[in-house]
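Colleague: Given only the sequences and the hints, what does the whole structure look like? Please build it.
Each residue of the sequence shown is one higher than the last, beginning at 1 in our numbering.
Careful: at least some of the hints might be erroneous.
[What the hints assert, rightly or not] Taking lysine to aspartate or glutamate pairs in the DMTMM-like style, the calculated list, with each CA pair at most 20 Å apart, reads:
id	residue 1	residue 2
1	46	56
2	29	45
3	25	35
4	18	36
5	18	56
6	29	14
FYI, nobody ran anything at the bench for these hints, they're computed from the structure.
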Amino acid sequence: MLVHSIGNLIKTYDNRYKLVLDVAKVARKIAKDIEESNDSEKTVEKPVSLAIRFLEKNICQDSMSR
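Modeller: Here it is, written out as structure tokens:
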């Protein structure tokens, strides 16, 4: 669930503005990669949703391992 992912990220980030910037940066990269891949199949999820899940997976796991 996306709301749960955002909640986890907010706990991890000290600053919500930094969280928004990081999500936007990752989402732009994901959108560019999708566009360049020339896949005929469309992704169901939007780049922002994929970016939030990506950051949660990578950042929250890193903070839990510390």
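Colleague: Each hint should be assessed against the structure and marked as holding or not.
Modeller: Here is what the structure says about each hint:
| no. | hint | verdict |
| --- | --- | --- |
| 1 | 46 / 56 | 16 Å, holds |
| 2 | 29 / 45 | 15 Å, holds |
| 3 | 25 / 35 | 16 Å, holds |
| 4 | 18 / 36 | 27 Å, violated |
| 5 | 18 / 56 | 14 Å, holds |
| 6 | 29 / 14 | 23 Å, violated |
Of the numbered hints given earlier, the model fails hints 4 and 6; all others are met.
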